[in-house]
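Given the coordinates of chain W, assemble chains B, R and G onto it according to the supplied hints.
Below are the chains, spelled out letter by letter.
4 protein chains.
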Amino acid sequence: MSSTSGVLFRISTFGESHGGGVGVVVDGCPPGLALDLPSIQEDLDRRRPGQSRLVTQRNEGDEVEILSGLEDGVTTGAPIAMLVRNRDQNSGAYDHLRDVYRPSHADWTYDAKYGIRSVAGGGRSSARETIGRVAAAAIARQLLTAAAGIEVLAWVSAVHDVDASASIDAAQVTLEAVEADPTRCPSPPHAAAITAAIEAARRDGDSLGGIVTCVVRHLPAGLGEPAFDRFEADLAKATMSLPATKGFEIGSGFGAATMTGRTHNDPFVPGPDGRPRTLTNHSGGVQGGITNGEDVLFRVAFKPTATISSEQSTVTRDNQATTLEAKGRHDPCVLPRAVPMVEAAALLVSADHWLRQQALSSLRRA
Amino acid sequence: MSSTSGVLFRISTFGESHGGGVGVVVDGCPPGLALDLPSIQEDLDRRRPGQSRLVTQRNEGDEVEILSGLEDGVTTGAPIAMLVRNRDQNSGAYDHLRDVYRPSHADWTYDAKYGIRSVAGGGRSSARETIGRVAAAAIARQLLTAAAGIEVLAWVSAVHDVDASASIDAAQVTLEAVEADPTRCPSPPHAAAITAAIEAARRDGDSLGGIVTCVVRHLPAGLGEPAFDRFEADLAKATMSLPATKGFEIGSGFGAATMTGRTHNDPFVPGPDGRPRTLTNHSGGVQGGITNGEDVLFRVAFKPTATISSEQSTVTRDNQATTLEAKGRHDPCVLPRAVPMVEAAALLVSADHWLRQQALSSLRRA
Amino acid sequence: MSSTSGVLFRISTFGESHGGGVGVVVDGCPPGLALDLPSIQEDLDRRRPGQSRLVTQRNEGDEVEILSGLEDGVTTGAPIAMLVRNRDQNSGAYDHLRDVYRPSHADWTYDAKYGIRSVAGGGRSSARETIGRVAAAAIARQLLTAAAGIEVLAWVSAVHDVDASASIDAAQVTLEAVEADPTRCPSPPHAAAITAAIEAARRDGDSLGGIVTCVVRHLPAGLGEPAFDRFEADLAKATMSLPATKGFEIGSGFGAATMTGRTHNDPFVPGPDGRPRTLTNHSGGVQGGITNGEDVLFRVAFKPTATISSEQSTVTRDNQATTLEAKGRHDPCVLPRAVPMVEAAALLVSADHWLRQQALSSLRRA
Amino acid sequence: MSSTSGVLFRISTFGESHGGGVGVVVDGCPPGLALDLPSIQEDLDRRRPGQSRLVTQRNEGDEVEILSGLEDGVTTGAPIAMLVRNRDQNSGAYDHLRDVYRPSHADWTYDAKYGIRSVAGGGRSSARETIGRVAAAAIARQLLTAAAGIEVLAWVSAVHDVDASASIDAAQVTLEAVEADPTRCPSPPHAAAITAAIEAARRDGDSLGGIVTCVVRHLPAGLGEPAFDRFEADLAKATMSLPATKGFEIGSGFGAATMTGRTHNDPFVPGPDGRPRTLTNHSGGVQGGITNGEDVLFRVAFKPTATISSEQSTVTRDNQATTLEAKGRHDPCVLPRAVPMVEAAALLVSADHWLRQQALSSLRRA
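Residue numbers (the numbering used here), protein chains in the order written: chain W, 1 to 366; chain B, 1 to 366; chain R, 1 to 366; chain G, 1 to 366.
In isolation and in its complexed conformation, chain W is listed as follows:
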């Protein structure tokens, strides 16, 4: 179960940083969806290190192969398997980590759980695992667009002490604005400050955390299922299962704790299309676990990259004190790459709940 997610739009990921490759099986995608295959590759390219959809050219790496489930580019209802081969594996580069636990990595916990671990590249705990999610979510994106015009967009709203949240209008931000800068922060002055902060951290052998904000637009009211599979509960699980996440909040989030009911409640007003709208959106687009037709808006906190070029205290596999310092180049901030991962979480949850609602509302249609 641990690598499977979803009830009706169901994905099973596989693969680690070493070995033949990583990928995913998507089971439950409705038949008849004409896939834009280059667009799947584009979504995958966004999660590669240092990439931005608009400013860089893909010239290597991580090409996805679709193994099954299509007939002339159209989904048949059969499982869609996708594979991305691993390359450039220099497993010798990890030999010095064989007998030592890197602080705040999953080295010790994998040993505790499995009694064995894939040293090279972090094994299953590698962020490469998310390739499968992003590839599956690229299909979910096309399904949601075709079926209901639903749109998911995420961006970097904060890195370390640079917080762009107040300068970004979640209702108006565009993919172009997000992809205009490699930081994926759509506020240009903040993007510049984030770039500077990341460069400083890199020079200092340190790393930085931050926040990704995500909006889901044009969701119909009625998605999400009480009690356990509330829309926000599934979003929380999908994002908190991404590497390096430490917190999730929807709408008012932790800010709700210091608010009062009078200021927090979202007043209803008659909507032009015959359904109620809210004047504010502290609810974040969900009420009672079900979408209310407003934008779903949530934020995800990421910790600083655990790999840093500084000497750290740690222990060996046989519980002896030692020190460790990472060598080579490391990404001092995962936030820009985390954007497509957060979008993937929202896309997969939305597609699953959209399909579930098709079944639940069947009698009303009949």
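Rather than coming from a laboratory, the hints here were simulated on the basis of the structure.
For glycine and all other residues, C-beta sits at the position ideal for the given N, C-alpha and C.
A portion of the hints provided could be inaccurate.
[As the list claims (entries may be wrong)] Derived DEER-like restraints, expressed as beta-carbon distance ranges:
(1) R:175 to G:115: 33 to 39 Å
(2) G:274 to W:96: 50 to 56 Å
(3) G:115 to R:161: 44 to 50 Å
(4) G:175 to R:41: 38 to 44 Å
(5) G:175 to R:92: 50 to 56 Å
(6) B:174 to G:145: 32 to 38 Å
(7) G:39 to R:41: 44 to 50 Å
(8) W:34 to G:220: 25 to 31 Å
(9) R:175 to G:167: 34 to 40 Å
(10) W:34 to B:365: 17 to 23 Å
(11) W:269 to B:87: 36 to 42 Å
Leaving out everything else, chains B, R and G in the frame of chain W:
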């Protein structure tokens, strides 16, 4: 699926505020557990309005009946069904809500999803649904205690602008300290301030949000399953599916966003029992989605109660503007009652993952 | 998981022959279904010993209470919990079985699995467990009728050496014909012979096996999901999980083994409604795991009741040879009562797959 | 869900006869299992047309690549993905089938369900789908052997009117005896008769059905879970989801219908190892859905291959009458190749239930 949770310790809740009752079926509890039945009732009593385990006497209401799964008080491995009857139903009290949507309640979203809703008491969106979770979790608690000495404890750490977090040592707080005050805040001066704040809100016809903190102690290293069923991901889902929750964070949480790797990483040191320990616990007891043997520590944000005694703008079912003001007595702050619900979430997740690890580690035992 | 079944029309049963009662939680029934409540009770009454829907009056026992999920008799989309209380429990009657294993019962296997068993009435292995299935299926029946006019009907086609199969036209048999005789065999001369055979077995302290045949009519083409959840695979699981079943076959069944392709293949002919029909139905209404629009026709073999009034060799719990002879009155043939259980299996599978197809076909509708 | 099976030993298959390949993701295999990789390929080779493990040499085709989940050949607990590439695809060979429905194939039902179908090679309904099951089952086999000495063996017991059942002692038959003849019938005289019957059918443009019998040996008592996931219910589903199966029976099977309790009940006798044994095995190794420690013995009926070299009546996609005659070489009897598929079903069910019991019995171990 929406009312079922867990892979091996699996619960299905049912019931709403009107009708015959609420309850739960627990499937997968191992046989041979001698249940302390009064203790199940005590856990349930903690979630009733205005109750505290130590300071009040239960003299009415919400008695649980165990319908199945026991032989002489010992679990047989069969499903354990538990039922709590509804009482005092004055469904007429809700007649004025039949054609109007209360702001920030689930009235409109249930209508949008189902085309029908249980007006009386909020139906399935009522907090009474959590009775089933708390009853099931009371069994999980006894399983975890008996099998592994695992302990779950939650408390109110903040209400509105009263924040007791810095005054509470999560490693040391006791059930007695939590239950010593009806606020369930184990810092007496803050408890007094919270009491005053709640009383003021009540007088003002307003309501307050807050934060519940929870610790899971003595968890063995190795629980939680990458990729999707990470321990913290399942905690996030379990808590974000509780009524009125808006945010979840583990360990450093949103604070991680402004930290650097050098300060955030938890250095390993040799532990006295032959396994690594960490000097700090920014990880919150999980690394790579798997418990590392330290305390699991997380926080959940609750919004202010949506029902307030103030006039609010809203719309009718036929999309006409109107106003609404709640009548009668309302609980202006759910935080004290939310404590056992948050514990229930942690207990159910811990029991499920503990059982899953028993299967996964089978070859190592063999 | 063991007491939960279905993906979208999902049921969880609970209860054993002793204790508070038996029942079921139905999760996933679409909202807006106006339930005929007496009809649920009627379906339940059919599975009671010695009952026939048309010829007997219910004047006692096994009344179902619906605890949740309805508003004015209409489904709300919330879980529907149903409870049937246990009565007349004389657990002392089972004391002599505490330390001995009855041959071909589940006494030894429950002990082996659980290390504990409910001696009274067989515990969870009691046929009382099927009350929950039949109650849930009564709702499925109403859903299938309302949504798609689907009809499920089963009957006794053979008991011991009396085989009525050749005399019953599965396409024409009616509920009235089935219920016209307590044997539930719709061929009157065979019903008489079966009655005689059962009476002879009773006098002889013996018991009889037999076969139930079931037809599902008016199923739309397209239900069932390759690869694992084929329509017939789910039927097989649903029926082979009923007490006392030993075999399942669909369409030509085991007879297919001795046929050739030329005689077994079902030729297609143009149907009057624009879709293909088959001239024969060796396929039993499914091809490639998916319904083809013809009647689904299957048969289930039941073993003779294990409880017999004859001395049998067996062992005690401490592995000593002994003998055992059942006392009191026993039902020497479960076949008549098995009819509603087999119908329940088909109803639950049909409802689940009908709902799944609503989701899968969503893009084609859009 | 439709391509996923199992609770703890969980597999997801993908792929069809055209496209990049077929395969499987195995999730939940315990860590620490040293895999014999050539043995996986050998199990796969057995399901290829006209192969026998002992008498033929593999020199082409269907090589499996393991993409993930291993470290130095040992399972890590991560998902194990396996891929077999498709070859020799002459999709033009299927052009004449684009607008016509082959009788007793899945052509019409796939169209009815999906509105689209993969014409080439039958798409997802192709027996190539079972490659994933057999590959996953090869791992299950090694797990079961290593963990508990459990053994699964199947053979052809009947083809058309040649029935070898009475000549084969299920308790004694060996893999060598099964693989000694390409028919996989371990009774040499019957094997010869089957060979002759198949050759005659081939010459006649016809095809034959038959029966596969399977035994699971050395299963511990206690596997299988009431109510729905009975061991035989899961076996029934696993086998009835294989292509071309029409019936399943366990132990006495349909023969139970004509037996009496006195002859059917399996008397217990004290076993030499302190647990009860049965003198007969009409139960087929399961009682109350749980294994009793005796051999699990079941039979599966297969219909004659639907593809025959004879003219048949059928209809076009636009519902016009036409005729169809298959061209080229076809396998007139799937029985020999079905043997490893039936074994796969039993292996996957056994591995899943063995793991589930490890969790369930956790308290008894503690």
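Subject >> Hints breached by this structure >> reply: 4, 6, 7, 8, 9 and 10
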